[in-house]
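Line by line, the protein sequences give chains A and B.
The first sequence stops at residue 524 when you use the working numbering, and every number in between is there.
The second sequence stops at residue 1524 when you use the working numbering, and every number in between is there.
Rather than coming from a laboratory, the hints here were simulated on the basis of the structure.
Glycine included, every Cβ here is placed at the ideal spot set by N, Cα and C.
Heads up, a few of these hints could be off.
[Said to hold, decoys possible] Derived contacts from chain A toward chain B, CB cut-off under 7 Å, selection only:
#	residue
1	288
2	289
3	290
4	291
5	347
6	379
7	459
There are 2 protein chains.
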Amino acid sequence: MEKSLSVNHARAGGGTIFEILHRDGMGRVGKLSTSHGDVTTPTLMPVIDPSDMVLPPQELRTDFGVELVITNAYLALRRFGQEAIERGIHGTLDYDGPIMTDSGGYQILRYGAIEVGPEEIVRYQDAIAPDIATILDIPTGIGASRERALETVRTTLERAKQAIGFRSNPKVAWCGPVQGGIFSDLVAEYAREIGRLDYQLHAIGSPVELLENYRYAEIVDLVMTAKQHLPLERLVHLFGAGHPMILALAVAMGCDLFDSAAYVLYARGGRYMTSSKTLRLDELACLPCECKICTEHSLDEIKKARPDERVKLLAKHNLHVTFGELRRIRQAIVEGRLWEYVEMKCRAHPRLLNALRRLARYRDYIERFDPVSKPSAFCYLGPESADRPEVVRYAKRLAERYRPPHLPTLALVPTFERERPKLEKPGQTHIVRLIPPFGVVPEELEDVYPLGQFQVPQELDERQIQSTVAALSNYLQKFAGYYERILLFDDPVHWGTTLVEACGQVGEKLEVIPLSSLASGEVV
Amino acid sequence: MEKSLSVNHARAGGGTIFEILHRDGMGRVGKLSTSHGDVTTPTLMPVIDPSDMVLPPQELRTDFGVELVITNAYLALRRFGQEAIERGIHGTLDYDGPIMTDSGGYQILRYGAIEVGPEEIVRYQDAIAPDIATILDIPTGIGASRERALETVRTTLERAKQAIGFRSNPKVAWCGPVQGGIFSDLVAEYAREIGRLDYQLHAIGSPVELLENYRYAEIVDLVMTAKQHLPLERLVHLFGAGHPMILALAVAMGCDLFDSAAYVLYARGGRYMTSSKTLRLDELACLPCECKICTEHSLDEIKKARPDERVKLLAKHNLHVTFGELRRIRQAIVEGRLWEYVEMKCRAHPRLLNALRRLARYRDYIERFDPVSKPSAFCYLGPESADRPEVVRYAKRLAERYRPPHLPTLALVPTFERERPKLEKPGQTHIVRLIPPFGVVPEELEDVYPLGQFQVPQELDERQIQSTVAALSNYLQKFAGYYERILLFDDPVHWGTTLVEACGQVGEKLEVIPLSSLASGEVV
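Bound conformation, chain A alone:
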């Protein structure tokens, strides 16, 4: 287990420490240590309403693998006031595990102003002592004008600065929210500003309305803009993203914490989550899930249960699916297969696929953080795979650093297997394989990850062909002059006439031989 980053132990004396244990893409598996126990990230914090607990936190921990819960300090203040200060938030919730508090920002977004000021809510949280607390930010929301958006980010930043002076409890870590909504320049500027302040994690605000309207591509812009300007070693909480269908993509962008009131709200509305969508009970033909609830109950039993019992069953199912999904994501990161997992999960909806395609705009940035070697093979799973960091990195390095060896003959071999042509003069020939989406792969580089370890479908898509043909044309333009003779082992079944056309520029040096001659062991 590679432990690459260890930060935030500045806030010692029982404070929080966040360690990154595994990385893939911008995603990471981490360990958040608090004075009430450790939390494995990425994770989801079920929202606890202290006066209406459908499932108490203790049960969430033992039955579902919940390690961190979130509750609302503003609501706690209104309902429990001084009592919560005396008992602490842990006593109030009767839970001795890690607790985060939110501040009422969401209530501002939904209901307008609230009756508590930013100083009061910070001092109150300091007193009730959750493991993580949140300043009172002003959510930008999606409908906001640029002027209003600017006001929200300025006020939030101002409050973040002031809050530092009101904090005195060293056991509490603090969250500084990033606002700005769909105004990317504001998100960027204020993420940079708040990232300079003494905060241990940052929540990215305003995605809720985007999520509700399936505007996932804009979530990609929002999160990637914030991530590019926040300190990378800090925890990032994507506020309000509680549906399992979005988690893999959000984690791949570097989000660590999620919160969910949805598991209960959906249950109350008779809605059944799957890891890729939501279904109403009346849309179900069976229970398409293997969780304990869905194997120990029939669909009919759930439908006919008493309403409060039905809400409980559905809430439990929704949580099981969500935490199963989180564990699948963690496992994918440890295996170095997060991109593959995201490519699969983004087939849950065309809007998610669209978001994944939008992520390609940030590929150069992502490439800088993606591990240079992974424990598993690179798998091509569709055109989006051609925008993966490994492909971007290879193209960059080939363009910047590569020079071919001095050999008279170039053999272009469009095969994904390690079979080699039988050559009359093997020492005189430079073998270059054509492997989409990498394009041209000179044999000297075949042991560099992932060129020695990849799986690509033989039935090619247009992106595979186009990207390889472009790389081939480019290679020949630069290096055709190095060779006296160029052999193309052509495979028209899979490539049509594209390879021969790309080789057209080399003129009489070209000799075209059928790829099938490779299998026959013919000497060329």
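With chain A held as given, fit chain B onto it using these hints.
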């Protein structure tokens, strides 16, 4: 619930009836009625070894949703002989639910000849009275020469004909296996022959070795060839395909029954199934699953359990995942979203994606069986979506039947929204939207499924562009002469120069207007 086919009640007196309840692609949800109860298909039959039951059939039924089990008549004969005749196979297994017996064909494939003849094994099954029995076929296997393959299909067919004469128990339904392996012409010919005989279901033989080597594209060829020549209303059992990762694709090709010894064999080898792959216990960083086993136990508990207990836990987990996957597949069929589900699941491995691409070769055949209307929107999830039956059907009908109305102006609008251009002379203009992967969609057709109900990513892939440009060129070639004026609302951000180029052929009739003018409500 549409009940479209009801067959095989020829074998009455307590025999089997197979009813198809829902269809999508070639896939179907069906009800198999036997004298020991009903079975919902598609389903998987856990293989029961009567002398070594890790999980007894009764427990499989109550805890996992298993409705049909399979056991081996050849092994039963050797171990129980006359006793099984007296007690019946149901008494022998102490299970009163539906049971299928296999005949020993698999043992021939693995260990060479067996000591029981084809007549004896048929008469024995007739006597022990499973709900479904299987004749003694000769598996072709994958390494077989053409000569050997021909011998296996001929002998199997001969035995299938003779077996009819040995059968006397009307409660037993019979399975006639299809052999031929990778020799498609033999598979086709002998599937047709055996399909003419009095059998109630057919097993497609020989996929095991292909499955073990991830040769999924060849499985597509094998299954599609067999399906095209078997009576479609009969049940199809894909022999030996027990891993959840292959199930969705196999069901979409029309397979109804699967068997699995893998759930126990994998468990014995310390292998943990997920719905898309297999992991060794030592590769797990957590338990990436929401099943009862994985929420009630920690990874460490499973690793440290006594060996027999560990096998049980893993076998149970493997079965939970498999049956969860089957229910997801059934739900997808009922929703009319099986193709979408298959497109997602085939991202589990590039070889599966390759197999899905291979399935495109059979798209014209599949189109004939895919429902013309579905309860859900058409979702574009990648280049493979362009080969879906709905797209094939639309292209066919447009080519064969379409004639534009007589209007002087054609407006080409590349937008997926229902927004329309504001036209100076609306009654004079024919609006045609450009919607990948459908291509050209004249407004008169927009209420035909799925043109009124689709979700397409706005960030286009090459296949979306190419297929639409090809359809547009073709449309203009045929019909440009009908119009006096052609307006193209161009969107270079998403389409580059491709639309303008495709319109080049219409010459001076063309007027290019930015698509953005649509939003501004400008009158054109």
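Q. Looking back at the hints listed earlier, which ones does the structure fail to meet?
A. Of the numbered hints given earlier, the structure breaks none, since each of them holds.
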